[in-house]
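*Asks:* Top to bottom, those sequences are chains G and R.
Following my numbering, the numbering of the first sequence begins with 1 at its first residue and continues without gaps.
Following my numbering, the numbering of the second sequence begins with 265 at its first residue and continues without gaps.
Straight line, CA to CA, 30 Å or less: simulated BS3-like cross-link-like pairs of lysine-lysine:
| hint | chain 1 | residue 1 | chain 2 | residue 2 |
| --- | --- | --- | --- | --- |
| 1 | R | K323 | G | K227 |
| 2 | R | K323 | R | K269 |
| 3 | R | K497 | R | K449 |
| 4 | G | K127 | R | K386 |
Sample of chain R residues with no beta-carbon within 10 Å of chain G, all distances over it, derived:
| hint | residue |
| --- | --- |
| 5 | E289 |
| 6 | K323 |
| 7 | L380 |
| 8 | H467 |
Hints are computed from structural coordinates only; laboratory data are not their basis.
Backbone N, C-alpha and C fix where the C-beta goes; we use that ideal spot for every residue, glycine too.
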Amino acid sequence: MNILQAIGRVTLSAGAAIWDVFALFFRTLYWLFYAPLRGKFIGRHYIFSQMVFAGVQSLLIVFFVALFIGMVLAMQGAYQLSQLGAVRFVAALISVSMCREIGPVLIALVVAGRVGSAIAAELGTMKVTEQIEALETMAMNPIRYLVVPRFLALIVMLPALTIMGDLIGMLGGYIVGVYNLGISPGLYIKTNFDFLVLKDVMTGLLKSFVFGMIIAMIGCYMGLNTKGGAEGVGRSTTMSVVVSFILIILADAILTGLFYFASV
Amino acid sequence: MTEKKEVVIRIENLEKQFGGRKVLEGISLDVYKSETLVIVGGSGCGKSTLLRHIIGQLKPDAGKVYLFGKDITKANEDEMDSIKKRFGMLFQSAALFDSLTVEENIALPMREHTKLDDHIIKIMVKMKLNQVGLRGFGHLNTSQLSGGMKKRVGLARAIALDPEIIFYDEPSAGLDPVVTAVVDKLILDLSSALSITSVVVTHDMNSVFRIADRIVMLYKGKILQIGTKEEIKNSKNEYIQQFINGTIEGPMQFFAPDEGYLEELTK
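In isolation and in its complexed conformation, chain G is listed as follows:
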């Protein structure tokens, strides 16, 4: 009985949390699309400062992660492809896999770790120090002033970072392909782009757009629902990363499935 009770309790609380996240999502959409029609705009400086934090300041980590994963892919790909005598197709392998899969997912995970956790920690601290309540009593809706700028920043900047990451990953592949595997630069670049179609890039960007929503919503939800002082802030931060990671991979599987079956 106790196990059943425990399962029931966990299911109920998880269900309530999922419902709450969707409620937050729809309220964010309200403030994003409907409220501006009624003359309630979101201050530009709130959005830009979040974009700088989420996007510009993530460039360095995205650069290193994408560069090295591109190099690793080149070496792993060459190891397999050399058995078929097709080493030059390393370039195609990297460009397609970076754009379709590795770029969007890996960069989303990096950003979830860097930006999502920071959102949860910041909003969580604001929550436990009464700052959220202070905003509310000053007639400043926390969703409008805190959630929407972060949401917008992530859905714009994550795809932008993904484009950068895709290119930097290809650069990493190029470095290994040309200087280590001995493929001529011209041939490498030609193979790189010959096998890449626009659809590969677009599906990847659509994924990262969805991942951006996930990171923003989970980070904000965990932050705004923080309870119990410093320990609570820590718990929210950890939970935001764990839940974002799981949801990003889950959404990736669903979206990849959709694209796969839609194209056959």
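Position chain R relative to chain G; hints supplied.
*Replies:* Chain R alone, transformed into the frame defined by chain G:
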């Protein structure tokens, strides 16, 4: 307080439960214009919960709260926003935004809710800072302030939009006696100079007797007595006497009775 005065806050039969525990049980209360009303009670008596109902942060299970004649338990978000612009609140922890400087904290409500020019806002911020005695501190970060200074900046932010009511949640919590006196003086100055209505929640009896026009004694979610300082001081109610004198012996019990202790230990 016999003459009829304008009522700015009216609370009718307010009830609230948290997880089956009754926190407020039928609170009814009027607050008159430009008076300083102090809500006093021990920890967990429901005084903070009552305050959160008055500012619209919590919805009651039953009862009504009128601010400026408008029932806020039924107000929609737009109506509530326009009411919120007419009152200010000083939080227990001051609740300053730590991503902003002192100046920016005070300027924020003006920037968001008025169309004033930026240099006018700068002048207004300086005036508000001067009112709380912190002229020249505007450029500091909130982390550089002491507890008392944070409270005063919080007060400057609360009066940024020239409110008609200011709510104070434990203004003396965590402050030394001198700074408490300073904050009390600011509360008095604001209510006398600008005839602002003040509602203060506290358990610091020294400051209660300094600032209050009327006192509301709350115990276990019910009002024990409403009265002036003298009426409360001379109250025959044993709970009130125990509270204002701060004695352990009295009707409020803080220790479990001795009976049954031995059985509990050896069980």
